[in-house]
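Residues in the sequence shown are numbered consecutively from 181, following this note's numbering.
Hints listed in this document are in silico derivations from the structure and should not be mistaken for laboratory results. Small disclaimer: the values here were computed from a predicted structure and weren't measured. Warning: the hint list may mix true and false statements.
[Claimed, not checked] Cross-link-like lysine to aspartate or glutamate pairs, in silico, EDC-like; alpha carbons within 20 Å at most:
{"id": "1", "residue 1": "Lys227", "residue 2": "Glu238"}
{"id": "2", "residue 1": "Lys252", "residue 2": "Asp233"}
{"id": "3", "residue 1": "Lys252", "residue 2": "Asp241"}
{"id": "4", "residue 1": "Lys252", "residue 2": "Glu264"}
{"id": "5", "residue 1": "Lys243", "residue 2": "Asp233"}
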Amino acid sequence: MGSRLVPLVLLALLVAIHAQLWTGRGSIQHVNEMHQRIEAQQAANAKARQDNDRLTSEVQDLKEGLDMVEEKARSELGMVRQGEIYVHVTPAARR
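Kindly generate the complete structure, drawing on both the sequences and the hints.
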């Protein structure tokens with residue numbers, strides 16, 4: 181009877197291991213679902229990164245655009261801010 185108990189215990193352990201492999205946490209299906217969720221999250225992260233880069237670029241363009249508009253207004257239209265004094269200097273004529 182003792183010699184039959186060992187194979188039965190080993191068989192029961194084998195069945196438990198297979199049950200865990202196919203149905204439990206860490207099963208093949210669970211691991212595949214986790215891989216799919218990771219891929220979906222990585223895609224979402226990449227899209228968010230692209231959106232952030234685009235928005236950063238737009239903000240930079242707006243900042244530089246305003247500086248360029250102000251520079252043109254100052255040079256071509258003589259724009260001055262409150263408290264500034266506008267002095268126009270013309271180059272001397274060449275002889």
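Q) Which hint numbers does the structure go against, in order from smallest to largest? A) Failing hint: just 2.
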